[in-house]
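Go ahead and model the full structure; you've got the sequences and the hints to work with.
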Amino acid sequence: MEQSKKRRFEPELGTGAGRAAEDEAESGTALTPGDNGNDLALTPGFSAEQQIDHIIQYDALQLPGRCYDSDTTAPVSFYISSLAELQSWQPFIQDENFNRAATPLAPRQPLLQCDRPRTLVCHDMAGGYLSDRFIQGVHEENPFVFYHWLYIDIFVYFSHHMVTIPPVCWTNAAHKHGVAILGTFITEWEAGAAICEAFLENEETFRAMADKLVLIAHFFQFDGWLVNIENELSLNAVKNVPGFLSYFRSSMQQAVPHSLVIWYDSVLETGHLEWQNELNQHNKQFFDSCDGIFLNYNWKEEHLKRMVTLMEERHADVYVGVDVFGRGDVIGGEFTTNLSLELIRKYNFSAAIFAPGWVYETLEREKFHQNQHKFWNLLTEYLPIHSICTLPFATSFCQGFGKNLYRNGMVEAPGNWFNLSAQEIQPLFSDQQLDPASSCVKTHGCSEDAWNGGCCLLIEGLVPATRSNVSVRLFSLQVPSPPKVFVAFVYKLEDGVKVVVNPELTIRPLSQCNSEMALTVDVLKPLPLPEDNALVQKFIQNCAPWSPEGWTTSFYLLELTDCILQDISVNITRLLKDQQDVQFKCRIGEIKVLDIARLRVEQKPVEKLTVFDISWKKVPEATDQLYLSATLQWTYPPNTASCFKIYSRGLNYHKKQKVTDSQTVCVGRTNANLYRVVDLILHHAPIGTSRHVEFLVQPVTRAGFALPQSACGRLTVNYAQSPGTDNVQ
Numbered sequence: 020m021e022q023s024k025k026r027r028f029e030p031e032l033g034t035g036a037g038r039a040a041e042d043e044a045e046s047g048t049a050l051t052p053g054d055n056g057n058d059l060a061l062t063p064g065f066s067a068e069q070q071i072d073h074i075i076q077y078d079a080l081q082l083p084g085r086c087y088d089s090d091t092t093a094p095v096s097f098y099i100s101s102l103a104e105l106q107s108w109q110p111f112i113q114d115e116n117f118n119r120a121a122t123p124l125a126p127r128q129p130l131l132q133c134d135r136p137r138t139l140v141c142h143d144m145a146g147g148y149l150s151d152r153f154i155q156g157v158h159e160e161n162p163f164v165f166y167h168w169l170y171i172d173i174f175v176y177f178s179h180h181m182v183t184i185p186p187v188c189w190t191n192a193a194h195k196h197g198v199a200i201l202g203t204f205i206t207e208w209e210a211g212a213a214i215c216e217a218f219l220e221n222e223e224t225f226r227a228m229a230d231k232l233v234l235i236a237h238f239f240q241f242d243g244w245l246v247n248i249e250n251e252l253s254l255n256a257v258k259n260v261p262g263f264l265s266y267f268r269s270s271m272q273q274a275v276p277h278s279l280v281i282w283y284d285s286v287l288e289t290g291h292l293e294w295q296n297e298l299n300q301h302n303k304q305f306f307d308s309c310d311g312i313f314l315n316y317n318w319k320e321e322h323l324k325r326m327v328t329l330m331e332e333r334h335a336d337v338y339v340g341v342d343v344f345g346r347g348d349v350i351g352g353e354f355t356t357n358l359s360l361e362l363i364r365k366y367n368f369s370a371a372i373f374a375p376g377w378v379y380e381t382l383e384r385e386k387f388h389q390n391q392h393k394f395w396n397l398l399t400e401y402l403p404i405h406s407i408c409t410l411p412f413a414t415s416f417c418q419g420f421g422k423n424l425y426r427n428g429m430v431e432a433p434g435n436w437f438n439l440s441a442q443e444i445q446p447l448f449s450d451q452q453l454d455p456a457s458s459c460v461k462t463h464g465c466s467e468d469a470w471n472g473g474c475c476l477l478i479e480g481l482v483p484a485t486r487s488n489v490s491v492r493l494f495s496l497q498v499p500s501p502p503k504v505f506v507a508f509v510y511k512l513e514d515g516v517k518v519v520v521n522p523e524l525t526i527r528p529l530s531q532c533n534s535e536m537a538l539t540v541d542v543l544k545p546l547p548l549p550e551d552n553a554l555v556q557k558f559i560q561n562c563a564p565w566s567p568e569g570w571t572t573s574f575y576l577l578e579l580t581d582c583i584l585q586d587i588s589v590n591i592t593r594l595l596k597d598q599q600d601v602q603f604k605c606r607i608g609e610i611k612v613l614d615i616a617r618l619r620v621e622q623k624p625v626e627k628l629t630v631f632d633i634s635w636k637k638v639p640e641a642t643d644q645l646y647l648s649a650t651l652q653w654t655y656p657p658n659t660a661s662c663f664k665i666y667s668r669g670l671n672y673h674k675k676q677k678v679t680d681s682q683t684v685c686v687g688r689t690n691a692n693l694y695r696v697v698d699l700i701l702h703h704a705p706i707g708t709s710r711h712v713e714f715l716v717q718p719v720t721r722a723g724f725a726l727p728q729s730a731c732g733r734l735t736v737n738y739a740q741s742p743g744t745d746n747v748q
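Quick note on this note's numbering: the sequence shown kicks off at 20 and runs consecutively.
Any given hint could turn out to be false.
What the hints assert, rightly or not - In silico DMTMM-like pairs for lysine to aspartate or glutamate, Cα to Cα no more than 20 Å straight-line:
1. 517 to 600
2. 557 to 614
3. 674 to 431
As the list claims (entries may be wrong) - Each pair of labels, with its calculated beta carbon distance range:
4. 292 to 641: 36 to 44 Å
5. 321 to 104: 37 to 45 Å
6. 78 to 223: 41 to 49 Å
7. 528 to 104: 37 to 45 Å
8. 616 to 80: 45 to 53 Å
9. 568 to 80: 38 to 46 Å
10. 564 to 384: 30 to 38 Å
11. 616 to 737: 41 to 49 Å
Bear in mind the hints are in silico, worked out from the structure with no lab data behind them.
What you are looking at is a predicted structure, and each value in this text was computed from that prediction instead of being measured.
In this text, a Cβ means the ideal position worked out from N, Cα and C, and glycines have one as well.
Here it is as structure tokens:
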């Protein structure tokens with residue numbers, strides 16, 4: 020097979036291309052009755068749009084080492100370790116397109132640029148680039164995941180490599196929640212000093228460095244940089260730092276208008292390395308040249324007081340560092356990190372929470388989620404939230420991992436998996452104390468069961484005897500409502516629980532759009548539509564196959580005028596009238612809030628599906644099997660699909676389970692317009708015979724509807740042994 024030629028990509032930095040928010044919802048023609056193309060396994064066959072003939076060769080495929088795992092050829096995220104490597108980097112599409120984030124930064128309220136205190140999380144996990152480096156996911160039993168996105172504003176992926184490019188799965192997850200994500204440029208110790216002397220020699224050299232970092236951020240679609248110079252600087256080098264930061268900042272904002280360049284508190288105006296733990300006259304010139312400063316961790320309350328007297332404005336641009344490990348002479352840390360946050364907010368500064376992965380690195384992995392919940396629940400009082408601003412709103416609460424992969428309540432692919440790009444919109448997690456005694460409602464993720472993806476949302480607690488119901492707020496919205504809103508709600512109660520579960524929507528008048536405090540708020544408790552309602556039937560048809568065994572599904576229609584959707588909650592009401600506490604455990608499988616005009620799904624077809632970088636391997640001790648790896652690529656209209664599912668037919672085994680020739684299995688999903696198939700086990704093709712494997716690429720809309728086969732890309736690879744090829748023995 021002829022290899023595709025590598026094309027160099029030169030982005031137009033002034034345009035911010037690819038950054039537009041996903042503000043176009045699905046529209047178009049409805050699915051035709053009986054077109055259950057989503058039920059791939061039940062379809063008697065699909066004809067391939069393309070046929071590729073390929074002769075098996077066992078020569079090792081040469082792929083760029085930094086972009087692909089050397090053992091499997093699976094695409095991986097990478098970093099840059101040296102000045103020479105950075106200077107030689109060029110954005111080659113074919114090598115590095117897997118690493119480009121496919122999810123634009125979602126709009127949010129309030130805007131990141133507002134002057135309220137912000138929350139930055141700096142992720143420092145055992146050097147970084149662990150299982151999260153596998154772009155298409157990996158099999159892992161107890162992965163680290165982050166899901167408190169609505170409580171934070173900025174996420175920094177940190178490592179001690181010179182240029183840390185955030186793994187694309189983190190960028191996709193952060194952007195989905197309206198959170199900006201930054202890479203890290205770091206120099207340290209003697210080697211770092213040599214790098215700084217080289218690029219800070221003069222204006223020409225520091226502009227060249229800034230231009231390269233801007234190009235990297237724009238190409239990989241993340242939102243800026245943390246600049247961390249932790250080494251001594253000569254007088255010549257340090258006098259060029261403000262010019263470097265100023266030029267770097269302005270260039271980033273031209274390329275990515277919402278971007279940030281943040282300086283770490285380390286070097287003084289003299290060039291000496293001396294952490295200040297505050298903003299003062301020794302480091303203020305660096306702060307004045309960029310978007311903010313990340314302070315070192317060994318501060319005391321008097322440092323915060325001094326900064327208040329020093330500053331007349333830009334309080335929110337000072338990120339006071341908090342080391343969750345509690346190293347050094349710090350306030351708080353570990354499960355007392357809330358003490359640090361309390362003081363920081365007292366003086367109206369932003370917070371930079373460093374290494375919250377402490378709960379994963381130091382405590383029992385099997386109890387990670389309980390400890391994660393405990394840690395963040397202690398902080399939520401000090402973490403202002405932001406709101407979701409667009410429809411369609413759709414989430415099944417998947418956190419990007421699972422014990423199985425589910426589809427409409429049924430297991431689609433068994434086995435543990437981890438892929439942060441698959442994470443869906445996460446709610447506001449908190450423990451809600453209902454009375455001073457012991458009544459508490461807890462909200463957290465659950466991977467024991469799911470509707471779609473790998474997790475559902477578990478709400479458990481009790482309705483106390485003093486109340487008839489409990490309302491649990493899940494999401495904050497700021498969405499101007501369309502005239503008619505369709506709500507789909509999927510949940511499951513444990514047997515014997517005597518409660519009724521319904522969604523609640525809070526609205527306020529459109530005239531209060533810019534008001535911080537809503538003067539008039541209405542809580543809507545709509546009645547469910549009958550199952551034979553035409554809108555319900557259209558929704559179910561879009562979701563085919565539909566067999567929600569064990570799950571309860573309900574649908575609602577709201578007719579609204581000149582209002583804003585403000586909150587989504589779940590109301591749990593007792594059935595019994597007696598004065599007793601009623602315990603409950605409710606799994607929320609999915610919530611969708613859709614403009615009724617967008618229930619019609621446009622069938623935009625996958626086009627130009629191609630395959631390249633094909634490689635074959637022999638399966639040890641199996642004469643009738645061989646491994647296939649190959650890259651699929653296609654075109655599809657931008658900002659219309661939330662993801663693509665990849666299916667295949669013609670395998671021997673999948674995930675160690677034998678499958679029939681006619682069985683269609685899900686081999687993966689991707690947010691981009693390409694996917695690397697890795698080590699599919701196929702039937703061996705004896706010399707003189709030909710076999711084939713079929714691939715299908717299925718778009719999933721932003722409203723979560725998987726499109727039918729008529730819109731899917733289809734390709735068949737016919738493969739055979741060359742007469743001169745070493746046969747599988």
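Taking the hints in turn, this is what the structure says about them:
no.: 1; hint: 517 to 600; verdict: holds, 11 Å
no.: 2; hint: 557 to 614; verdict: holds, 14 Å
no.: 3; hint: 674 to 431; verdict: holds, 12 Å
no.: 4; hint: 292 to 641: 36 to 44 Å; verdict: violated, 58 Å
no.: 5; hint: 321 to 104: 37 to 45 Å; verdict: holds, 43 Å
no.: 6; hint: 78 to 223: 41 to 49 Å; verdict: holds, 45 Å
no.: 7; hint: 528 to 104: 37 to 45 Å; verdict: violated, 56 Å
no.: 8; hint: 616 to 80: 45 to 53 Å; verdict: holds, 48 Å
no.: 9; hint: 568 to 80: 38 to 46 Å; verdict: holds, 44 Å
no.: 10; hint: 564 to 384: 30 to 38 Å; verdict: holds, 36 Å
no.: 11; hint: 616 to 737: 41 to 49 Å; verdict: holds, 44 Å
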